[in-house]
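Participant: In order, the protein sequence lines correspond to chains X and B.
Numbering-wise (full-length UniProt numbering), the first sequence opens with residue 1 and increments by one.
Numbering-wise (full-length UniProt numbering), the second sequence opens with residue 1 and increments by one.
Keep in mind the hints are simulated off the structure, nothing from the lab.
Honestly, I wouldn't trust all of these hints.
What the hints assert, rightly or not - Partial list, computed: chain B residues near chain X (C-beta under 8 angstroms):
| # | residue |
| --- | --- |
| 1 | His12 |
| 2 | Phe21 |
| 3 | Ile115 |
Unchecked claim - Sample of chain B residues with no beta-carbon within 12 angstroms of chain X, all distances over it, derived:
| # | residue |
| --- | --- |
| 4 | Val28 |
| 5 | Pro67 |
| 6 | Asp79 |
Each residue gets a CB set at the ideal place from its N, CA and C atoms; glycine is no exception.
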Amino acid sequence: MRLKDLESKLQNVAGFDKPKIELEQYCTTPHLAARMLYTAHTVYDDIESKVVADFGCGCGILSIAANLLNSSYNLALEIDDDALQIAKENCSEFEVDVDFTLTDLISIPMDHLRNKVDTIVMNPPFGTKNNKGIDMIFLKKAIEAAKISVYSLHKSTTREHIRKKAKEWGVECEVLAEMKFDVPMMYKGHKKKSVDIEVDFIRFAKKSY
Amino acid sequence: MRLVAHNMLQCHVKGCNSNNFPLQLSNVEIEIQETDFNPMFLRNILPKLEWNALVKTALQINITTLPNVLPDTSTDDLDDEFLKMLHRVLLETHIQQGKMICPNCNHVYAIKDGIPNMLLNENET
Ligand SMILES: [Zn+2]
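Produce the complete structure using the sequences and hints provided.
Facilitator: Structural data, given as C-alpha cells:
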C-alpha cells in the first residue's frame, strides 16, 4: 500500500463527538498517523506480522493504520470508555481486529506486557498544567513493555529532555521527522480555533534488538 | 477480548503484588469470529506467551485442546493442524461478557461488550 492510499483510507476514521479537555482528546490526523505507521513499516519492518500495541488509542486511528499494514495482533489501551466505543465502531467499519482494554496507563504495571508486545505506537497526551509529565510516564511504560521499538509524538520543545531520558533508560532515540500538529483549541476564551504545535516523530529502539 | 490480551493482564490493586496473574475467568460469554490464518505469526507469538497461564485460562472456558507443555517452537515441524487449533483458540475466540477475578485478592474486573475494564476506584490504587 502506498503512503497516499493509507492516508486517504484513514480519512474515514471518525473523531470524537465530545472531546474531553482534561484528557487532551483530539484524533491524530490521518496525515500524521499514515506517516508514522508507513515509516515504521517500510523503513524498519516493525509492523507486518508483529504484535502492535497502541497506548492511549483515542479513536483508534494508529491501530487501524497498523492493521492496514498487516500487523498480526493489535492491543489498544485507553482510559476513556467513550473514546473506546468510537474506536470500536471505527475498527468494525474497517473490519479490523483490535483487542481493547479500558486502562489507566499511569497505574497499570507492565510485567505481563513486557516482551509480548513487539512494537508500540502512540500519540500520548502532551501534558497540560494539571498533568505535567504525563507524556514521559506513557513513554517510560511503553519503553518498558516493547520488545523492539516505540514510535511516539512529542512536542519539539521537549527534544533535549527526551534524548537525555532515552539515554538514561538505555534506548536509542532517533527523531525521524519534525511535523506540525494542528491541535484544536478546546479551552474557553481562546480566540483561535486551532493552533499548530511542532512535534517530533521519534523512534525509540531497544538496543538488544 | 481474546486470550492473547488476557495473557497480558494482571491485578493491580494496591498491595496486591503476588499470585495476581492470571486473572480467573468466570461467567463468560464466548463468540467465535473467523479471521485469516497466519502460521508465521503464531510461531512468532507462541514463545512469548506465558503458556501455563494460557492453558489454565483456556480450561476455565472449557477449551481442553491445549497441551500442558508447549512444543518446541524453534523447529519447523509444528504441524498445520496444531497451528490451526491455536489460531482458533488465540485469535478467533472472543470473550464478550464476563468477569475476571484476581486469584490473590478476589478483586473482580468486568468484561463488557468484549472490553475488560481494568480501571480501579481511587481508594484501590
Ligand atoms: Zn489482586
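Participant: Run every hint past the structure and note whether it holds.
Facilitator: Status of each hint after checking the structure:
1. His12: 6 angstroms, holds
2. Phe21: At 6 angstroms from the nearest chain X Cβ, B/Phe21 passes the 8 angstroms test, so the hint holds.
3. Ile115: At 5 angstroms from the nearest chain X Cβ, B/Ile115 passes the 8 angstroms test, so the hint holds.
4. Val28: 15 angstroms, holds
5. Pro67: Holds, because the least Cβ-Cβ distance between B/Pro67 and chain X comes to about 20 angstroms, which exceeds 12 angstroms.
6. Asp79: 20 angstroms, holds
Violated hints: none; the structure is consistent with every hint.
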